[in-house]
Amino acid sequence: MFSFHKPKVYRSTQGCCICKAKSSSSRFTDSKKYETDFIECFQLAAPRKGEICNACVLLVKRFKRLPPGSERHWGHVVDARVGPGLKSMTKFKKRKEESLQQQKELKPVRPPKMTNT
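Position 16, counted from 1, in the sequence shown is what my numbering calls 24; the numbers after and before it change by one each time, with no gaps.
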């Protein structure tokens with residue numbers, strides 16, 4: 009019979025140096041070839057190096073094909089795929105603790121069971 013094809017997922021330990029994605033459906037490549045265009049394309053304050061995902065490679069290639077004088081950029085992509093930081097996790101824990109505390113305060117007290125003797 010037929011077996012369903014499971015798409016291959018490629019992973020990177022550091023993530024893409026632009027969008028910070030750690031998994032992709034296509035391979036990660038070295039960013040050396042594209043680093044010269046990073047600052048202008050992604051409106052970066054400082055140069056970045058490392059692995060780059062295929063989606064960001066395609067954005068750089070699209071940026072290179074733009075007509076001269078175009079002000080289009082992909083700054084919104086920078087660090088877009090980074091996961092939640094520690095700060096959001098501590099907020100979540102604090103909210104959970106507060107809700108548990110409220111539940112304890114609102115929990116009705118049951119009267120003791122009466123036994124028939």
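Calculated directly from the structure, the hints in this document are not laboratory data. Mixed in with the good hints, there may be bad ones.
[To be verified] Heads up, simulated PhoX-like pairs for lysine-lysine below, C-alpha to C-alpha not over 20 Å straight-line:
#	residue 1	residue 2
1	69	41
2	40	72
3	16	40
4	101	112
5	121	102
Keep in mind that this is a model prediction, so the values were computed, not measured.
Quick rundown of the hints versus the structure:
no.: 1; hint: 69 x 41; result: 11 Å, holds
no.: 2; hint: 40 x 72; result: 16 Å, holds
no.: 3; hint: 16 x 40; result: 25 Å, violated
no.: 4; hint: 101 x 112; result: 17 Å, holds
no.: 5; hint: 121 x 102; result: 36 Å, violated
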